[in-house]
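Asks: Use the sequences and the hints to build the structure in full.
FYI, the numbering for the first sequence is 1 to 743, going by the numbering used here.
Hints were generated in silico from the structure; no laboratory data involved. Think of the CB as a built atom: it goes at the ideal place given N, C-alpha and C, for glycine as much as any other residue. Hints are not guaranteed to be accurate.
Listed next, with one range per pair, are the computed distances between beta-carbon atoms [claimed, not checked]: (1) S575 x T517: 15 to 25 Å; (2) S303 x N578: 31 to 41 Å; (3) S478 x E444: 46 to 56 Å; (4) E32 x P483: 46 to 56 Å; (5) R407 x N125: 12 to 22 Å; (6) V217 x E166: 26 to 36 Å; (7) V192 x I338: 21 to 31 Å; (8) A308 x A393: 49 to 59 Å; (9) L473 x G577: 47 to 57 Å.
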Amino acid sequence: MDSRYIPEEHEAAIYAKWEAVDAFNPDAKIYEKNRSNKPFCIIMPPPNANDPLHVGHAVGIAIEDTLARFSRMRGMDTLLFPGTDHAGIETQFVFEKKLQKNKQSRFNFDRPTLYKMIWDYVQENSEMANSQTKVLGASADWSRFRFMLDDSVVKIAKETFRKMHEDKLIYRDIQLVNYCTKCGTSYSELEVINKDQITKLYYVRYRKVANPDEFVVVATTRPEPIFADTHLAVHPNDPKNKNLVGTKVLNPLTDQPMPIIADEFVDPEFGTGVVKLTPAHDRDDFAVATKHNLPIVEAIDRSGKLTAVAGKYAGLSVMVAREQIVADLKEKGLIEKIDESYKNVIKTCYRCGRIIEPLPLTQFFMAVNKPGNSLTKKTLAALDSGETVVYGAGREKILRHWLENLRDWNISRQIAWGIQIPVWYQVDGHESEITASFLDDKKEYKSGVLAELLKSHPLEEITAGLQELSADLSVPYSIGEKPAGNDHQYLPETDTFDTWFSSGQWPISTLKSTEPTDFERFYPTTLMETGYDILPFWVMRMMLMGIYLTGKSPFKEVYLHGLIRDAQGRKMSKSKGNTTNPLDMVAKYGTDAVRMALVIRSTAGQDKSVGDPDFKAMRNLTNKIWNATRFVLLQEGEEETGSKDKEAQEKMALIITEITGNLDTRNIGLAADSLYNHFWHWYCDDCIEQVKSGQLSRKNAQEILKTFLKLLHPFMPFVTEACWNNLKDSSDSLLIAESWPTV
RNA sequence: GAACUCGUAGCUCAGUUGGUUAGAGCGCCACAUUGACAUUGUGGAGGCCAGAGGUUCAAGUCCUCUCGAGUUCACCA
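Replies: Below, the structure is given as structure tokens:
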């Protein structure tokens, strides 16, 4: 043995050796002797197929693999299930940037072509995440690997949609959705970030019809859609304003009469106690309009510009229009005052940071709190009963808070890269209720109402080049494959599922699409390990959908790891330039050191700082393990008993109990810390010295070392396997398949 | 505005159901070492565990309050 442990001389070869004996497969031959027939399954969070792994993935993999190896050694049928995600919006966004460089955009391509292009692009890098996962030592069963857009997975997602639709848990409706005009898609409430801002509050005068010299004053932050407003509202019991109810004012831009109605949603204390109603662009107003059956006039379109109803302002972007409209109102003397420092909250896009525009769109929604079949209530019940327990520094309460306040989930996205919603709209008889955009056979972009488009283009041409389709709520549709065997004509839905709709089914769509018995054997899975930042996005959705589909929560435990911060405790970010690339650290210090550095003294749900000294310290530990092994091997022929043997064995028994207990209770960071201390400061500092002085027998020292290698193996799989290779009794013995020490 | 988390050695953090002199890494000081390992060893300095009250035989650990830091949600015209 060399006097130093050199990771790159061992790691790849050891991983290959494990793969050669199928060691990551729960049914591998090497486990035949040591099996409890108890399942242990972790579905690994699928990284984006075309992105390199970052340090967050590395912690996750370290924790997942540690628990998997621990369970495997205890004789459980252990399945660590790998996969990758298509990451719809993120991936399409990156791809569109690439198109931009070539002066192209997604509007230059019909959907199948665009989809194919992104597919190919994703394939270019798709092996990277997998090979990096292997470098990090994950004992994942690659024979079961699944990609989110594999046919088998897509099929299950579509079937879930059909089933939920049948159960009325998915419905089509027109609602105000969060729309990002830059990204060109709607989002769920989770993708929206509220930001404080200082803005102007305009006090606008509306002339009374009865007496045009008198005004009703309305405070608003958004004067630009005024021309589309048809009503004002006051609180029915507001003594100051209730006598206005039933009277009319003139729209300051269009001079059309506007009735004043009463509704309790109005806060008499705010502004003047009178509000204008803009149903198409404000959630409260939309609700009031629905209740009072008021017209919903769209003033802003999906590109963020004012619509044709804006007259001379049509085509202006919101902010430009606002300035002009305010200027015009001022000129007419219809601005009473402007509060320049009004504090309010603006909704912004989580991805591009632009202001989110609430727009009325007809989309698919998941009812999460349907009376009599409430998915959120069932999920809360699973938490109450302990069917699923959460490790993560109080974050179960955050999950509960989400579940208690969750609104119906908008699952439609206006992007191409994803699973197309399996819906077909009946065209014939509804030509005027459908608008479409497409590339004609000369690759020219056309859009409009279908009835008009059909005058110059056959339906086949539109179908072939279809980009986007929007059907009114009144258009009948069918779900599944394109309907055949009738005389109707159909066009497909062009929206795709929210990425999280398919990843929300991941524990099921993985296990149901591999070995026939996998689902029965491994569902519910044992543990879900992921960062706390995607608790509502992913963990919550997996629980909602898993409970819907199977009646059981998809995992018994949730382990949430914290963010990895830099050595000074700052958040890592590319702009700060303080990111740590885990693969660079592996190249420098070896996989075992990186894994241990990320895990040691970590606590579920708590952020952790890691810097170069930490990796270095753990690299030193790998070397220490290596050299302790070397020492023991150099002691051949020493006496077989020592006065301290019994004491050492007793101490070792305590250590086994302690480490096993820590891992059982998922105190992984603590287990790693104590192992470090026991190994270094007891075994190396004391025991080895006792061997030198003859108080501890060589034989005993070797047994204790072997036990330490077993205990350390889940954390540091490579160096321990390499040392085991030098100490083992039989030639085909692998540490990965050894039994966990018991007392 | 609400919820959650945190405040322990110079720095970054552990301390599992309350239980002997509060730990680790890095840093600092002194010394040692040609034989497992300098990616080392021995010894040392450095902590009224944010503050105040309370429960208890016993509190870094449980409860209340105060102060400070961070995160998330909500804040409507």
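Asks: Now look at each hint and say whether the structure bears it out.
Replies: Now the hints, each set against the structure:
no.: 1; hint: S575 x T517: 15 to 25 Å; verdict: violated, 48 Å
no.: 2; hint: S303 x N578: 31 to 41 Å; verdict: holds, 38 Å
no.: 3; hint: S478 x E444: 46 to 56 Å; verdict: violated, 31 Å
no.: 4; hint: E32 x P483: 46 to 56 Å; verdict: holds, 52 Å
no.: 5; hint: R407 x N125: 12 to 22 Å; verdict: violated, 36 Å
no.: 6; hint: V217 x E166: 26 to 36 Å; verdict: violated, 51 Å
no.: 7; hint: V192 x I338: 21 to 31 Å; verdict: holds, 27 Å
no.: 8; hint: A308 x A393: 49 to 59 Å; verdict: holds, 53 Å
no.: 9; hint: L473 x G577: 47 to 57 Å; verdict: holds, 50 Å
In terms of the numbered hints stated before, the structure departs from hints 1, 3, 5, 6, listed from lowest to highest.
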